[in-house]
Amino acid sequence: MTDDARRRILERLKRVRRADVPLPGELPETIVFDDPRAKFAEMLRLVGGTPLDVADRDAARAMLAELPVVRQAKQIVSYVPDLVPGTPELDTADDPHALAGADLAVCPAEFWVAENGAVWVTDRQIGQRVSLFLAQHLILIVPGSQWAMQMHDAYRRIGSIDRPFGGFISGPSKTADIEQSLVIGAHGARSLHVVRIG
Amino acid sequence: MEHAINADRFTADAERTGWHDQALWFVRVKRDRMANALPEWEALRTRAAAIKAYVNANLAELLERFETQAQARGIVVHWAETAEDHNRIVLDLLRSRGVTRVVKSKSMLTEECHLNPYLEKHGIEVVDTDLGERIVQLRKEPPSHIVLPAIHLKKEEVGETFREHLGTEPGASDPQYLTEAARGHLREKFLAAQAGITGVNFAIAETGGFVVCTNEGNADLGVSLPPIHIACMGIEKLLPRLEDLGVFTRLLARSATGQPVTTYTSHFHAPRPGCELHVVLVDAGRSEIAANPAYREALNCIRCGACMNTCPVYRRSGGFSYESTVPGPIGSVLGPLREPKKYHSLPYACTLCGSCTDVCPVRIPLHHQLLSFRQTLAEKKLIPWTKRVGMRLTGKMLGSGWAYRLTGRLARWWVPKLPRFLVYSRLNAWGKQRELPPMPKRSFRELYRIEPPDDRRR
Ligand code: SF4
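So the protein sequences, as listed, match chains A and B. Heads up: the first sequence at position 99 corresponds to 99 in the numbering used here, and the numbers run straight through without jumps. Heads up: the second sequence at position 87 corresponds to 87 in the numbering used here, and the numbers run straight through without jumps.
Think of the hints as simulated: they come from the structure by calculation, not from any bench. In this text the structure is predicted, and so the values were computed from the model without any measurement. Honestly, I wouldn't trust all of these hints.
What the hints assert, rightly or not - As a list, the in silico EDC-like pairs of lysine to aspartate or glutamate whose alpha-carbon atoms are at most 16 Å apart: (1) B:K155 x B:E180; (2) A:K14 x B:E64; (3) B:K380 x B:E339; (4) A:K14 x B:E61; (5) A:K74 x A:E89; (6) B:K154 x B:D21; (7) B:K155 x A:D91; (8) B:K342 x B:E61; (9) B:K155 x B:E169; (10) A:K14 x B:E288; (11) B:K341 x B:E2; (12) A:K74 x A:D91; (13) B:K154 x A:E179; (14) B:K432 x B:E61; (15) A:K39 x A:D53.
As the list claims (entries may be wrong) - Negatives, chain B to chain A, calculated, CB over 10 Å: (16) A80; (17) M108; (18) K154; (19) E169; (20) N215; (21) R374.
C-beta: ideal position from N, C-alpha, C; glycine also.
Excised from the complex, chain B in its bound form (with noise of 0.2 Å):
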């Protein structure tokens, strides 16, 4: 996949790039609005990212005593070496109960093993509770967003599917006229349902217990109402101990949507009387992801999307653009750990402002790593040939004074002398979309020693 030619197809209507960008940007300043309101903000990232280097450095033994203490509780606790396994498992629980009717809330590990599909294949009704997921679900498409999945639709296609698969009014498209369509629609499938699935935002070795958070309560209402709740989460999720909630419910929400916390902060540490609970510990790559120094901070990630709405590639190229489950800034790091062949174009969908890193409440060094991915890639030759000698002759030349002073010089007076189809053809990938600046006369050297600086000017 190529995400320069996915965002060519997203820009070529202009007018819904710049409502995307704004609209995402609009999620940046209320974060940047809450993160300005707390003095503590700093220190509470770093203490966050503290944490997380710890769990990373002792995850074996935090697992361990997870699983302990969840027993101890009721909880049955499940292991998932990859992506099929943790279907199979969930599968295998449903089947085995004569469950067909699924209700499921947010969760971003479910959609990177692709459950849904894998559940329905199997007879099972699975039916997405959190209302952009459903909206993208009905639409079948897959979220574009980690927190909000529908943002690349206005609300007259939202209208339009409803009144498809929900009888909505045709051409409606109020928000609250739709939502509450929703809320109708799916509080018939949250009493019809007989399981619940959710992720987990954070999973306590100390108490053996999650916490799951929600704006619209439907996690909760999901694992509420029918009496089999399995829970699935990536083995990242976990924190040493309960008082390190303080930090991370601090963050999370103010990060995702500059809300002080989210509306439901729930935490789950035992079944309801008479009722099952089931969480799935997954690895699917995240143990090597551990074992790599250079790139591990990358599991410090709790999916606030922050970095997606700061992001200017992101916010102008669209969630699909990266073809992958986790988009933006963060998944441009995940997508290429996991397979490399396949999303080598990422690390390069990137500026390298460091405005991601500047917003991520855990302090991953996101355009760090997407850079020195850059070189990790090239070594691997997983891109393209023309950037690998072109950058390799570049490099030499940016090497020797002489050649530098050279290629400028040939530059400064042949490419005004060309035609503009040669200067703007394929090879000139910086003259695409845009004029080059004119070439100036003389280059700096020269001007410099022409007009020395002196003390009068200075």
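This is chain A alone, in the form it adopts within the complex (with noise of 0.2 Å):
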């Protein structure tokens, strides 16, 4: 059945292919931010995240064992131990829904974006990507020198995709189907933070 209905679609589509349609070449000057690491934070702010800076790793690691979601989390799911310890069950979990339970899960991601708050994650050394957003609340570690303007400078950054998953995230889970109004925690995290280190 699929077969058939493969070749009578692209036969109908064949016939009316227009070969005078180019596709369009030089995109159109952007948007560029004075202070794209502020715009950053104000982004994410604007989007119900935290944005939180620091010098390096050390300093990170003092600032997050302070950090409330961190303190009262029973069960964490972390893939930056160095600076978060993780609940050694859930880290090496196979099935995913062994992170059922987690009150938090700590999350490499690869850069940030300056125009929308979002960090670019991919599931490279994320062992369960359900973890970003099975977990209550999300921490995502990001290197703060790894950053693209707005998204046409991401998409270049990322050049082409090798991982089975990848992701802007921007924000925490929220919805505002209840008549319009905005509530943090849908369905994924109640709550982000997004570390940058250096």
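Using the hints, put the two standalone chains together into the complex.
So this is what it looks like as structure tokens:
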């Protein structure tokens, strides 16, 4: 069935192919922020997240140890164990369902985007990608030196995708489906801290 | 179906109509704030439209490219010519793996195909996990908006629905409390699901992957727990290159809800280790639209909902008045393209104000399409004969100088003398719900003759 469908759909579409429609070339000139670092922090706050900037990993470790979401967490899944130690059974879980009770996930991210407070995360160093969505709270650790001005820049950085999963995360999970009132913590993380190191 | 009759029913509750109108306008204002903050906004829209024009012109090649790339990454690609094919493919996939519990994130395509009732009929539980969609699913209603499925409901009504189905406190209507209840309820569903179904916002021919955007994170939860992910997409969702996502991710959330980007913009490029990832490519009338030069730009649509939020008719008549999966301006183009007989009244649910065209991030000339549809439908004799004959006569009258003058004179003389019940009768749609302006004593021509403009007064 699907082979016939494929053939017929493609045949119909080939009949209406037009060779004279070009792909647009050069990008339009895009916005540039004088202080991208501050813009990111402003946008992340706007979408309900908390930016934290620290000088190095030692400072990050000390700061994280004091953070209420870390102190209050009983079960932690951590893929950045040198900064926040995780609960061992969770960090190495083969079944994503094992993370159902996780209070906190600490995950490495690759770069941040100034224009919208988003952070690019892949499953490269994340054992279970569900940790990003299932844990009650989320902390993302990203190198301060790795960033993009806006999304065009971001995709240029990504270049090509070689991981099953990659995503931009901008703030904690949210919904406004009941009378347009914003509620933070719909299904995913109830809070998001983005720690930029350096 | 008649949009005007459905709209009458909605507007009978004036207070609710006003509330609905304001709720949507609020979203439009948020969109404006975001759009105005980007100097390149108009250039982005132009670029998006140009990319989509390329896609519509080269869909076959792009689909083949996508398929090859996706297969190389371990994604299984299926092709469905019709909505029924699509439903059967999904059912077969689930059945052959013994799946009886499925979670699904928002997908207008699966709404369009009526996938839920089909799967339920075959004994599979499907839980919509977008909060708004879950609300309307529990109420056995369709969504009334493509981005804000429960925008027609007040929080008290949601509270009542949740009391009945989720056991929340009677009378409770605080959105925070209700969302929390839904979170608990849906977590159980996520953890119990054996497969996850999502829509697709964008698929990339170059890489063979696809992108799903949500704010709640429900799509990601739904496909990161169970071992099977089925993504259903209309064939028009393709983009040529990864870099094109830069344009579309910047436009989508700003246009939809006035956010700088969706909270979760997830790129899927292979199954999780040991798991399955399927993509179902669905035509269901799209290749016909691609072949129709007058309307093919309708395939540009990225389902942001901006045209609905701004439409003076949608805001005051509600999504249900359109009786179609996609309501509002774009729905009024897509509906009659698919089923002209059923949706003949939708192109008339439009004041031709052009606001939809102004906000559409992919520059679909919505109001031009709606106008030209009126002509198409009249030619196909799909509008009521009263309107057809009336329009023909009016056209003749407006086209001839003497007939126009005579009609004007007769109207000025007769209408003020007619009894009310005649002027405000069923025959005069313009006298419905409003007072006609008083008839002037003289026509513009006559006034012009009496008092010609002179330089002094200019
Ligand atoms: S037609 Fe344009 S404005 Fe309307 S939903 Fe589609 S993309 Fe958005």
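Given the hint that K342 of chain B pairs with E61 of chain B, does the C-alpha gap stay at or below 16 Å? violated, 33 Å
Can the restraint linking K14 of chain A and E61 of chain B be considered satisfied, given a maximum Cα separation of 16 Å? Satisfied, since the Cα-Cα distance of roughly 8 Å is no more than 16 Å.
Restraint status (C-alpha distance of K14 of chain A to E64 of chain B at most 16 Å): holds, 11 Å
Would you say K154 of chain B is clear of chain A, with no C-beta pair closer than or equal to 10 Å? Non-interface label on K154 of chain B violated, nearest chain A Cβ at 6 Å vs cutoff 10 Å.
Can you confirm whether the C-alpha distance between K74 of chain A and D91 of chain A stays at or below 16 Å? Within the cut-off at roughly 14 Å; holds.
Between K154 of chain B and E179 of chain A, is the straight-line Cα distance small enough, at 16 Å or below? Holds: K154 of chain B and E179 of chain A sit about 6 Å apart, inside 16 Å.
Interface-negative label, R374 of chain B against chain A, beta-carbon threshold 10 Å: Holds, since 25 Å exceeds 10 Å.
Quickly compare the C-alpha distance for K432 of chain B and E61 of chain B to 16 Å and report which way the hint goes. violated, 52 Å
Pair hint K155 of chain B and E180 of chain B, alpha-carbon separation not exceeding 16 Å: Distance ~14 Å between K155 of chain B and E180 of chain B Cα, so the pair holds.
N215 of chain B remote from chain A - nearest C-beta pair above 10 Å: violated, 5 Å
Assertion that A80 of chain B lies outside the chain A interface [Cβ separation over 10 Å]: violated, 6 Å
If you draw a straight line from the CA of K341 of chain B to the CA of E2 of chain B, is it 16 Å or shorter? holds, 11 Å
This entry does not satisfy hints 7, 8, 14, 16, 18, 20, going by the numbered hints stated previously.
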